[in-house]
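Undergrad: Residues per chain, in single letters:
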Amino acid sequence: MDNATLDIGTVGLLLGYLLLIFPIVFILYYRVRLMKQLTVSVLRLTIQLLLVGLYLQFVFRLNAWWLNLLWLLVMLVAADISLVNSSKLVLSRFFLPIFVSLTVGTVIPLFYFIAVVIKLPNILDARYFIPIAGMIMGNSLRADIVGLSTFYNSLHDQEKNYLYNLSRGASLSEAVRPFLQKAYYASLAPTIATMATIGIVSLPGMMTGIILGGTDPFVAIKYQIAIMMAIFAGTALAVILGILLTLRISFSRYGVLDPDIFK
Amino acid sequence: MEPQSQRSLLEVRQLELSFQDKFLFSDLNFSIEPGQKISVKGKSGSGKSTLLKCILGFMVPASGSIFFKGEELSVKNIWSLRRRIGYVPQEPDLGDLEVLAFLEKPYRYKANHDQALDRDRLEGLFETFHLEKELLHKPSRLLSGGEKQRVAMISALLLDRDLYLFDEATAALDAETRLAVVNHLHKLEDLSALFVTHDQNLLDLSAKVLSIGNNRGGES
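As they're listed, the protein sequences go chains R and S.
If you count by our numbering, then the first sequence holds residues 1 to 263, one letter each, in order.
If you count by our numbering, then the second sequence holds residues 1001 to 1220, one letter each, in order.
Just chain R, with the same shape it has in the complex (with noise of 0.2 Å):
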């Protein structure tokens, strides 16, 4: 087997933006309003990506276990910012507990993922802790929205029984606890059902990565098995210290919730 992956050249990556062909044409056609967002999106993904290429040549060749933790410490900012954004919260309020859940969430998995599943002699190799990082981060995040917002929107609209349950006796913990469930529940369906179909509806982007890279098929499944359980584990931890952790900043000592908390 060739174990080096084919480049892509500046005529062939031009020729892949191409395909954005069809999306264009029906959004055009039918005037739905995404062509702005659509074009902002892919200019900042391209520019993204070419800046963190050149970033990641850059930590690879140095190889510095500071720099590999800077970076770390930059994409749980990152993710910080955006999921409390995109969870409709005010950030000077969330800022601080979601960075903790975020990083508690990130780096239990991602430890043990390198030091005790692959075994990696240097835990801080770049080549490994830098992407496995983005990888829990990256797609647990989109469920770490899921949950925080399902969380306190449904307490928000559903505030008048959350209020009777604590007139029938419940202290905040028993009160908040359906909605807890409730967040939950919708925050880990998504990946547990994804676990569900992996291998036949997709093949996931690390593995397809790995089988690119030139690997043996069967060391890429382990790693996409090792990786979907820190995932996993990953928002499962994330997820419920967001949680918990934000109700002493967004509830009144007398139990109500406070509606400051919304953006």
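If you're looking for bench data, these hints aren't it; they were derived computationally from the structure.
Positions of the beta carbon are idealized from the N, C-alpha and C atoms, including for glycine.
Watch out, some of these pointers could steer you wrong.
Here are the simulated lysine-lysine pairs, BS3-like style, with alpha carbons at most 30 Å apart [said to hold, decoys possible]: (1) S/K1041 with R/K160; (2) S/K1022 with R/K263; (3) S/K1110 with S/K1022.
Facing chain S, from chain R, some residues (calculated, C-beta under 8 Å) [what the hints assert, rightly or not]: (4) R61; (5) T103; (6) N161; (7) A170; (8) S171; (9) E174; (10) F218; (11) K222.
Could you slot chain S onto chain R? The hints should help.
TA: Below, chain S alone, put in the same frame as chain R:
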């Protein structure tokens, strides 16, 4: 501030309420003695429901004090005091559970661990309040407004609280059922209750009727 009487179950002193920056009333004073039933009436938007929410600690008054058995309501004791108050909201949101599960739920709360659902009493109250037993296995969401009110009342009564707050609790009931409910409440001599109501039957059984409106509270 000290309560005027240590014996009063509930004492409201010089209460001033606002809701979303709108001034509602000031200088509201009243007390409820054990076994006493009193009513509050007033135009819609005058602050009647807000008053009940203040007693439950869901809202903080602009000024004034509320005492429960001589203890001033504060952030320190609200959680324990809430467990001694039964509340029936105007439009109770019973959630998604089946009616029986809804009625069982509060006994799983730590605060009510010393209590257990009394099935005989439950069935008796269902009959008194003109509710079919089959309703117990119906999802709460599918209940009519009147059925929800009666189920919420039954839930509160079964929990044996020291004081009951009823917010227009008979408003969605037909005349015959309303009378059955009121008669039952009337028979419960030990029941201490504050009714927010326009129902003449409830007003008639009340020892006192407070009028809230014109930005002041008073007895009538």
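Undergrad: Indicate, hint by hint, whether the structure satisfies it.
TA: Against the structure, the hints come out as follows:
1. S/K1041 with R/K160: Since the Cα atoms of S/K1041 and R/K160 sit roughly 22 Å apart, the hinted pair holds (cutoff 30 Å).
2. S/K1022 with R/K263: 23 Å, holds
3. S/K1110 with S/K1022: Roughly 37 Å between the alpha carbons, so the hint for S/K1110 and S/K1022 is violated.
4. R61: 57 Å, violated
5. T103: With a minimum Cβ separation of about 32 Å from chain S (threshold 8 Å), the hint on R/T103 is violated.
6. N161: 4 Å, holds
7. A170: 5 Å, holds
8. S171: 6 Å, holds
9. E174: 5 Å, holds
10. F218: Status violated, d = 46 Å.
11. K222: Hint on R/K222: violated, closest Cβ of chain S at ~42 Å, above 8 Å.
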